[in-house]
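S.K.: So the chains spell out like this:
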Amino acid sequence: MSAAVKERSREEYKAQEERLRTVWANPTGWRYWTSVNNFQIGLWYGSAAFTFMLFAGALALLMRLQLAVPDNDFLSADFFNQAFTLHGTVMMFLFAVPIFEAVAIFLLPPMLGAREMPFPRLGAFSFWSFFLGGIFVCGSIFFNAAPSSGWFMYPPLATDKELSGIGADIWLLGLSFIEVASIAAAVELIVGIMKCRAPGMRINLMPLFAWYLLIVAGMILFAFPPLIAGDLLFEMERMFDWPFFDAARGGDPLLWQHLFWIFGHPEVYIIFLPAIALVAMIVPTFSQRPIVGYSWIVLAAVGTGFLSFGLWVHHMFATGLPQISLAFFSAASEAVAIPTGVQIFVFIATMLAGRVIFSTPMLFGAGGLAIFVIGGLTGVMVALAPFDWQAHDTYFVVAHLHYVLIGGMLFPVVAGLYYYYPLIDAKKLSDRLGRLAFWLMFCGFNIAFFPMHLSGLRGMPRRVFIYPAEIGWDWLNLISTAGAFIFAAGVLVVVFDALRPKHRQPRGELNPWNAGTLEWISEPKENWGVRSIPIVRSRYPLWDQKDLARKINEGRYYLPDAEEGWREGLVTSVLDAEPIQVLRVGGTSHVTIVSALSLGAAFIALTFHWWIATALAAITCFCAVLYWLWTGTAEIPEKPEKDVGLGLSLPLYASGPDSVGWWAMFITMMGDGTAFASLVFGYFFYWTIHADFTAGIAGPDGAWSLAAAAMFAAAWALMVAARMFNRRNATAATRGLLVLSLLTTVGASAAGLAGPWSPGMDPTRHVYPAIVWILVLWVLAHAAVGTVMQAYCLARSLAGRLTPKHDIDLCNVVLYWHFLLIAAVITFTIIGLFPAAM
Amino acid sequence: MRLIPKQIETLWTLFTAPVVWAAHFLVCYIGAAVYCAKPELVGLSFNAVRAGIAAVTVIALSLIALSAWLAWRQWGFGTDDPPHDDPTRRDRTLFQGLATLLLSGLSFIAVIFTAMPALFLTECIR
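So the protein lines, in turn, are chains A and B.
Heads up, the first sequence stops at 839 in our numbering, and the numbers go up one at a time, no gaps.
Heads up, the second sequence stops at 119 in our numbering, and the numbers go up one at a time, no gaps.
I should point out that these hints are in silico values taken from the structure, not numbers from a laboratory.
Certain hints may be false.
As the list claims (entries may be wrong) - Here are the simulated distance ranges between beta carbons:
(1) B/5 with A/637: 30 to 40 Å
(2) B/32 with A/164: 48 to 58 Å
(3) A/782 with B/34: 28 to 38 Å
(4) A/66 with B/58: 54 to 64 Å
(5) A/511 with B/58: 45 to 55 Å
Unchecked claim - Calculated pairs, DMTMM-like style, for lysine to aspartate or glutamate (alpha carbon to alpha carbon, straight line, at most 25 Å):
(6) A/547 with B/84
(7) A/547 with B/78
(8) A/547 with B/116
(9) B/-1 with A/577
(10) A/643 with A/12
(11) A/552 with A/524
(12) A/552 with B/78
As the list claims (entries may be wrong) - Computed list of chain A residues with no C-beta within reach of chain B, every gap over 12 Å:
(13) 19
(14) 636
(15) 692
Note that beta-carbon positions come from the ideal geometry of N, C-alpha and C, so glycine has one too.
Bound conformation, chain B alone:
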């Protein structure tokens, strides 16, 4: 089994990192909201919620880093400079790689933004 996926021909890879951001955001929001509404349900402390957020954040960041690496590979490891506007399959692929890489960067920052409240908040105050 190969650990690193092969390069595939599809538009969907462009959205990998933002989808990871969205999933991470939903897990954090729903997890915290359900915990604050029904703290007795699982019988854990708020610190456990914070640890959970830390864990999903590490997972999300790792996935985005992987998506970024794949994008970097698709971009030919940065050997060519933009604008990638030749009417060739190669330039189309390079463009996809660069755009995916940029989106991975944005998603990486956005995931960190989302996780930061868990550093400072220690209870379910309203």
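This is chain A alone, in the form it adopts within the complex:
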């Protein structure tokens, strides 16, 4: 090769690099906060969650001070109630779940060899929603308005406005808002893991972290929606007096317990699995060998994910359900110990087979697992109904759940912090401080929580703010308090280590632990994730593909350039990760912040019943989301294909099941469908608990209901036809069908409304009209969204942004209509026919 050619290619390489850097660059100044890059969002998300954790930890220390000695008057009863409620709520909803979303958003793209998550703006939206909702919920305690009925908000205490005040509304609305953020994150994770892996990363080569996260995201989709449905019923009762949980008018507080724990128990595993996923990355690195039993870990992750949905009633063993029901759940609770144990044995086997380096992350990982195993064993005890009847609502359960959560989640997360900290700025945390922190936390934890088993067995109920001296709880509580402060000291050492200025510390090497997975290739100073998207041929590419790092950084693989000025990544096939499309993702934008803040404002205004403010905020949010969709999604590319390097040319546009947007809609609607199923469950639940669940009230008019179902089916058929005609270039017919479908939908909604309206069903009178109304309103709200989508497609078609070849919007809307059809048909046939059939 001549020197001139070499020189030209060097220049070309520099130019490529510069273009790529510019496209992925962060804005500066205050606009920095409009960044949507996964690196920044992950960091903000994690820092916010960690801060909320410290806040909730401080509340715990206040409680421990109050309980240190008998007959203490340090805190008032009401403040104590607020403190334990907020402690549980914040730890669960604002720390344990979001921290994993943070870690996932931060780590997954580089780990999968991708540049970004498929929907970076959705990730940013999720963060801002979480941040605002979190501040709102936490801030309430400074106004003496925090929720005070316990983190699971049992009615009738929490539905009583006199006893629970505005705190319960803050809990319901603040957390519903955060649940939306979690579901958004789940959509992002599933699509990211399934469709955006580096070429060649077949599912048998996927990092275990990704396997775990895939399962967890799936679990979120089926676990969070029942709680959203429950929140809806709860808030309707508090705001409009619809008696879902009021026994006097046919309601039942137990329905809340079912809906809460259908969410609440999988939640434990939603928290645990990502933490154990971190351990699954750390153990091979410090054993310097591949994991032993990769398939067994997949078994454990998938098995736990499923079984965890068969456990919820073990929180309700003391509620008087038939013993056979209790026994089913007891059996499943014992069965889940099998996959959980498998993972522990896999880790032990990996350590035995390799040469273990006992670093700080390993210390936290191993210490956490030891604690977790103790919590798991007490879990097997309380999963037995007769033992649970003795231990229920005592400190034994408090000890159990802290052993599980701190051992299974907090310790692994700190292990992950020590392990992954160099990714932030190529600087390690201090090994000495790390070991000090570990021993303080490990000893402090056991000193604090082990005695709680004993105080529980001695009969100390959870949530008491005071106890007398002579019943034998005093010295156990004093020890617990001392341990809590030792534990807190350990946490503070971690915080100090993470925050202390490190500018004198030199930057270290890129892969300081000699790990084998791809995330260790990304350079902290660059924002592009990977310089070029590699071809992966191993589970541990950095160990097995020797020149991989060099070739990636020399831009020898896919998409080393950004010549059209877009942020681009690859979409690959699910099983074998063959490249199929170039995905252009959204860049820096204000619209995510505006949407999240206005949605948050709507929820907050609703809490205080400021109706006009709620309406204004909701309209702002609606407009922001429409603007976001119109300007940032389903863009028609300037050319059909582009050269991605290595002689490969890929399409820039795909619609239907080939597109990531279609999958996002499908996944969202699965979650939405689960929430709907929870409401239907409520309907039949009320049927089972009453001899006549209609209480003699005339039900919705059958003819109107069936007419509504039929018209929704017609509207759906018109939508399917519109998609078909659009593909056949019949644009005018497409537009006509869209208008016709929209009008049919409006008619169907009117008919649906007439069903319960014509017999004058009053939702405040009894639970039967209330549950009928809520089902009808659910469908009508979805129909309203459906009409907006129809109008949007029409506008896109008129604006030339929806064409016969570029029909992402229409495909996604038709998919939405499939789900709407199912919901409408189920709702109107049940409410119209079921009471008569009984």
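We have chain A; now place chain B onto it with these hints.
M.R.: Frame of chain A, contents of chain B only:
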């Protein structure tokens, strides 16, 4: 018509056995709960409920056994040993087969666990 399905290229088969477990669990739980809430509805004895649970358990176990056999076939009838970490379509398929087989085993045990209460409980006591 072939009795045994052809091998297909999809991720979803991985979840067959756990889905059967979930369906079995729901049928048992809902069936027993509705019976105990409204025993007059069908006019059968609790022993009929137990027989029903036995029947769905046999069906569920058979389906899981079938899923296990298909997984075993996908795993090449165990001719290759794990870790199945070569970057080939063949190793990816073998991995899927093994993972599906393991999940079938777990689901089989879990279904038996779920059915066991029906052996011991003879009425709807609360």
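S.K.: Compare the structure with each hint and give your call.
M.R.: Status of each hint after checking the structure:
Remark: the range hint 30 to 40 Å for residue 5 of chain B to residue 637 of chain A is upheld by a beta-carbon distance near 32 Å. Between residue 32 of chain B and residue 164 of chain A the beta carbons are some 37 Å apart, a value that contradicts the proposed interval 48 to 58 Å. Between residue 782 of chain A and residue 34 of chain B, the C-beta spacing of about 33 Å keeps the proposed range 28 to 38 Å intact. At roughly 58 Å, the beta-carbon separation of residue 66 of chain A and residue 58 of chain B lies within the given 54 to 64 Å, and the hint holds.
The hinted range of 45 to 55 Å is satisfied by residue 511 of chain A and residue 58 of chain B, whose Cβ atoms lie roughly 50 Å apart. Of the supplied pair hints, the one linking residue 547 of chain A and residue 84 of chain B holds, its CA atoms being roughly 22 Å apart against a limit of 25 Å. Proximity of residue 547 of chain A to residue 78 of chain B is assessed by CA-CA distance (about 17 Å); at most 25 Å being required, the pair is judged to hold. Pair hint residue 547 of chain A plus residue 116 of chain B does not hold up; C-alpha atoms about 66 Å apart against a cutoff of 25 Å.
Taking the CA atoms of residue -1 of chain B and residue 577 of chain A, the gap is about 20 Å. The hint holds against a cut of 25 Å. Between residue 643 of chain A and residue 12 of chain A the CA atoms are separated by roughly 22 Å; this keeps the pair inside 25 Å, and the hint holds. A hinted pair counts as satisfied when its Cα atoms are at most 25 Å apart, and residue 552 of chain A with residue 524 of chain A qualifies at roughly 14 Å. Between residue 552 of chain A and residue 78 of chain B the alpha-carbon distance is near 22 Å, which keeps this suggested pair within the 25 Å criterion.
Under the 12 Å C-beta cut-off, the non-interface status given to residue 19 of chain A relative to chain B holds; the minimum distance is some 33 Å. With a least beta-carbon separation of about 29 Å from chain B, residue 636 of chain A lies farther than 12 Å from that chain, consistent with its non-interface assignment. Distance to chain B contradicts residue 692 of chain A as a non-interface residue, since its nearest Cβ pair spans about 9 Å, not more than 12 Å.
Of the numbered hints listed earlier, those contradicted by the structure are 2, 8 and 15.
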